[in-house]
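Line by line, the protein sequences are chains F and Y. Per the working numbering, the first sequence starts with residue 1, numbered consecutively. Per the working numbering, the second sequence starts with residue 1, numbered consecutively.
What the hints contain is simulated information worked out from the structure, not anything from laboratory work. It should be emphasised that the depicted structure is a prediction, and the values quoted were computed from it without experimental measurement.
Here are the computed distance ranges between Cβ atoms for each label pair:
(1) F:151 to Y:49: 44 to 50 Å
(2) Y:108 to F:9: 36 to 42 Å
(3) F:39 to Y:49: 17 to 23 Å
(4) Y:112 to F:121: 38 to 44 Å
Chain F stretches covered by chain Y per the calculated footprint, using a threshold of three residues with CB under 8 Å from any CB of chain Y:
(5) 39-46
(6) 60-69
(7) 83-93
(8) 172-185
(9) 188-195
Think of the CB as a built atom: it goes at the ideal place given N, C-alpha and C, for glycine as much as any other residue.
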Amino acid sequence: MSVINYANRVIDFKIVYYGPGLAGKTANLQYIYRSLPNANRGNMISLATGDDRTIYFDFLPVSALTVRGFQTRFQLYTVPGQVQYNATRRLVLRGADGLVFVADSQFERLRENVESFRNLEANLHEYESTLDEIPYVLQYNKRDLPNQAPVTYLEFVLNRRGARVPYFEASAIEGKGVFDTLNTVSRMALASEFGVGRERRHEVS
Amino acid sequence: MKSRNTIIQQQDAARIHEILTHFLNDSGAVEALLIDRGGQLLARDGDAEALDAVSICALAAAAFSSTAAMAQLLGEPEFSVLFHEGAKRSLHVSTVDDESILLAIFDQRTTIGMVRLFAGEASRAVGAVLGEARARPKPPAEFAAPLKDTEARQAWTPPS
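Starting from the given sequences, assemble the full structure and let the hints guide the process.
Structure (structure tokens):
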């Protein structure tokens, strides 16, 4: 979870991009890495297989606004989407302050999206946590492809918990929707540290 | 196990700094990083200024978590130490408590035995400070009021 450090006046957050294999989680981080100036980001690390599939995680630290005298920093992680890597997926999820669920908009990937979402809930359960406690957003990626499901359908399938969450249409490979997603989830994670959000978090922990 | 937020106040940072400085002096290690198991840097001390500490923390926490998961597959609660030996520099990672680990970077001027010996001592002392920090019930004043819209404005601007 977040680390607030009074010695150097910094708050660190961990944001995890979750979703099925090949949904575009790594593409999100790659676009952010390419787009931000060096002063606002660190090195990107990708632990991938020879054919560029994520085997453990991608990692990109980015710095953001100063709020009430504290510099905010966000550490962005992706999980490996492939089903067989659940053990590592669960490890990466540890301590997440915010989540982006990256769904693949193609009709033929709907089942994988649903299975991955259920897998997310199950892995959070392992940490005695739920999606009610962690800010998250949905990103419907690959909107540039022809066989995409309508957003209303994706919403019906994936955004149907008690409280609806923000969603974004995206084409991560072209950068569309990438920063809208990042700005929103980081703002939600940040807001949860202050006022009522923070008190609620203390009650549940 | 549920993770908890960590708030390191000035006095905590000073005590941790003192413990890590002693550890470096006693063990002969060149750098010490105190890391949250989620991969966040909590504190650092030492001479390796050019180090990409943020990336090292993410990777070390992941490696340590992986070995812990392997330990459980073997029926062990955890492997309490992770050691990587390099030609010039080596890494020693050890458990502090359920939520943090201590990473030491050292070279040929000392030995793994020395690092291991004093890392245990330092871990117990740092663990006590972190335990007190996490046990404080009330969030600090800066965080009491909800975030205003003007404070929570867009952090990054997409390239045009």
